[in-house]
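Let chain D serve as the given structure and place chain P on it in line with the hints.
Protein sequence lines, in the order shown, are assigned to chains D and P. For what it's worth, the numbering used here labels the leading residue of the first sequence as -10, then goes sequentially. For what it's worth, the numbering used here labels the leading residue of the second sequence as 286, then goes sequentially.
It should be emphasised that the hints constitute simulated quantities derived from the structure, not laboratory data. Note that beta-carbon positions come from the ideal geometry of N, C-alpha and C, so glycine has one too. Some clues are possibly wrong.
[Stated by the list, open to error] A few chain D residues that face chain P, going by a derived Cβ cut-off under 8 angstroms, partial list only:
| hint | residue |
| --- | --- |
| 1 | Q250 |
| 2 | L252 |
| 3 | T253 |
| 4 | L256 |
| 5 | Q260 |
| 6 | R265 |
| 7 | R282 |
| 8 | N286 |
| 9 | T287 |
| 10 | R329 |
| 11 | T330 |
[Unchecked claim] Where chain D lies over chain P, by a calculated footprint (3+ residues, C-beta under 8 angstroms):
| hint | region |
| --- | --- |
| 12 | 314 to 321 |
| 13 | 324 to 336 |
| 14 | 408 to 416 |
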Amino acid sequence: MIQFFDPRMSFLFTSVLGIILSITIWIILSNRHTLAVHLWCGAGLFSSTATLLLTLRGTVPDVLSFSVANMLLLISFLSRIQSLRLDLQTPISFKYLAIIFIAFFVAYQYLYLVVQNNLFRFIFAMVCFALFSSQIAWCGWLIWRRQGFRNSLWITGVYTLITLIYLIRIFTAMTGYSEANILGKSFDAIAFPIASILSAVFGNIGYLGVALDRSLQITRIAAATEARQIENQRLSGQIAHLDRQRSLCLLSTSLGHELNQPLTAILTHAQTVRRRLQRGDADMNAVFADLDRIAHNTQRASDIIARIRGFIRPVATHQAPVDVHQLINEVADLVAAAARTQQVRLHLPVCTQLVYVSGDAVQLSQVVLNILQNAMDAVTHSTQRDIFIKLIENDTEISLRIQDTGIGLTPEVFNQVGQPFFTTKATGLGMGFAIAQTITEQHGGQLTLTNAMPQGALAELTLPRLIIHSH
Amino acid sequence: MTPEFANPPYKSDRAWMKRCAQGHVVIIDDDLDILMAFKALLDLEGYACETFSSALDYLEVLPSRPSIWIGPQCVLCDIKMPLMDGLELQRQLALQDDVPLLLMSGSSGAEEAVTAFRAGALDFLIKPIDADVLLTAINQALAVSATHHQTQVLTTRLETLTARELEVARRVAAGQRNNDIALELNIALRTVKLYRHRAMEKLEVTSVAELVRIIDACQIKTH
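Chain P on its own, in the form it takes in the complex:
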């Protein structure tokens, strides 16, 4: 990589964090000119953009990244590259991380597209890519990433609930009244109220509607 094109020096800056909050995009392509072009566009659009000229380079730095959430992220990768192609990266990423992947290619081969989608790519873009198309695809990928993160957070919170609290919360979300729950579970109404209060506290919700949304999002299996 040329010096002018080194990855951003403002990584630890507030500016970088602000960009990350909007979206962190990793571009991988063996063509330097392509990397520079996409980076120019994404920098302008306010994203935190990192570029790698090979999938191996990216996989190398990946373990050293802090695992804390800094914002939604996605990977934009060329499908045909020396050493490791986009599909192989997809397999490797699935093992290590759960970042949405966008694959791009210079040719519109139907076979490639099918392979890409089957491998789990979120979208398949054909070069040259229109800026609007690219940004839309990236935004969609970032949204997927955000939702995914949200689900993960909520799942973590749900895991802090005791079995009883979870049971009560599930029944509340299903629309049962406190009295019915007390009867069915054969516990005192006071106890039901206590469990319900604790569950809502742990899940950081203030209304029943929010509780319903979380339970739905995490798709807690009914026993």
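One chain only, chain D, in its complex shape:
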């Protein structure tokens, strides 16, 4: 039987099989090309090329069929190890790989060119490759143990087999039972190409199985994560909506008062017109003036209602350019009545140029409203009740600074502010600032609260600036 067996043919077969399988796997996994996959398939090509060079030993220069072939084999082993280790998330550092490569290269060249001892060189290469094979088998085992991919046991199986064959070859070569030549024709030499074929087939298929399983798992996890994110977004949207409603509830007294003003004016003008007309000798200009005032005040009342309605728009967010000055003015209008009642002066920034950010106008106004309400609460017990709003912008971001003249933050409050359910107010839920921070972060910005000099608290809202080029 041994007489009929040609190791060259079997190595040639292994080589072609390796190339085909590597390329096939690389194509199959084309939608999931990680570095690990590239390394594994590349290793297949390297080892196939090395096997091909071995097969051609004698017909090609020795430097190719010895040195180059062994270096290619080394690269393929290291690539496979690195590939599996990348999947295990414990990659070997590049420096370490380079040291192994250079050490092997120097030692091999030394034994091949200087010592010129065939047996030593053969045993050295066999020992190294046995070590690397066992390492691959071990990584396969770890993948099964740590990540639960059963298919990796195929890799462990075939590479354990290869390690064993290497060990037997080392043993037989050392005892002189068979010649120290990879292309030898002894019994154990036959086992070697057979193991190579098995490793090419089952190793690659095992790897493909693991990769496919992994890809499925990643898809599943991604889908679950996405579902959770959507759910989170929906919930935070709802919470924000509830918070907006709560903010409006807090403002409802002052907004009711504000709405009452135009209504009072309308009633009085209407009754005045009636009295004018009842007298018979009505001054028509005065009648028209009264009617104009009624129309004006109706519009004013309608504006107040529109402002409230705009603020409690349903949850869905939509991204659009938001004019920051307009945003500040709208929120200031919303709290103006309350500020008047509490005798708080709002100092608004002067609009020198149009400044835009990208985001949801309603949600952003909620953030500003929350800051303003906090500031107004902070100055309740102060003799000086001022809130200064400043807008600072540069090319990339805008910064809205809202400073009050209250007592500022105590160290205790300072540490806990922004945490859900932390509040200093008897009636507060403690969610407002946390929600404001969440919204700000969703807009790619930052919201911080610090103590200001010489007094009061300073809230700083930073958002990426949106540059709009006028056409």
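For chain P alone, kept in the frame of chain D given last:
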């Protein structure tokens, strides 16, 4: 304030004085629309109406006003305003002047109403205010102002009386006859008649009934 809404240019006119005789109403509210509405109504009803958008503005012009009587007056003021609210104005007015104050508010807070009345407001009106309700309240306030003025005038006149004249006048008002007064005060009947005549002259009354009314109105304390 907008130009069309400046305080009346006819202040020194006869028309303005005529309006003042009916009643001089000062409205203070930080809301321009409210001021315009009330002014339209009060102008129509023939009152002399002045508007201020803050209590401080009103207090600023107050010292420069001539102190002579030009008619009954009252102040209608919103209770919640920036800088100085209605209650604070009430305190300031009590120091400077004695004008009846009407407070108004956008909310019907019981607490506010109690505070307003305790501070001495004549009435507390809740916006929106019906024209009839507003005019009634203003008329009442003006009546209070008029009575108050009348009392003040009479008190001034009473102060011109000598102690004896006042004593005789008081006894006459109490219903004593001249003879009894002469006996009790131990003076001649002629002298009593003289004091009585002088007192009625100084008080600008022609009948005993009028004299009684004045003494009652001024509540001269009996010694």
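Hey, does the Q250/D contact hint survive, CB to chain P under 8 angstroms? holds (5 angstroms)
Would you settle whether the hint for Q260/D is holds or violated, based on the nearest Cβ-Cβ distance to chain P being less than 8 angstroms? Where the cut-off is 8 angstroms and the nearest Cβ of chain P is about 4 angstroms from Q260/D, the hint holds.
Taking a Cβ-Cβ distance under 8 angstroms as contact, does the region 314 to 321 of chain P have three or more residues in contact with chain D? holds (count 5)
Proposed interface contact between R282/D and chain P, which counts if any beta carbon pair is under 8 angstroms: holds (6 angstroms)
Hold the hint about T253/D up to the distance rule: shortest CB distance to chain P must be less than 8 angstroms. holds (4 angstroms)
Restraint: T330/D near chain P, CB-CB cut 8 angstroms. Satisfied or not? holds (5 angstroms)
Supplied contact hint for R265/D, tested at 8 angstroms Cβ to chain P: Constraint on R265/D satisfied, holds at 6 angstroms.
Can L252/D be said to touch chain P, with a Cβ gap under 8 angstroms? The hint holds - L252/D has a Cβ within 8 angstroms of chain P, the shortest such distance being about 5 angstroms.
Do three or more residues of the region 408 to 416 of chain P come closer than 8 angstroms to chain D, measuring C-beta to C-beta? holds (count 5)
Can N286/D be said to touch chain P, with a Cβ gap under 8 angstroms? holds (5 angstroms)
With 8 angstroms as the cut and Cβ atoms as the points, is T287/D at the interface with chain P? violated (11 angstroms)
Should the hint that L256/D touches chain P count as held when the rule is a Cβ pair under 8 angstroms? OK, holds: L256/D within 8 angstroms of chain P, min 4 angstroms.
Checked against the numbered hints given earlier, this structure breaks only hint 9.
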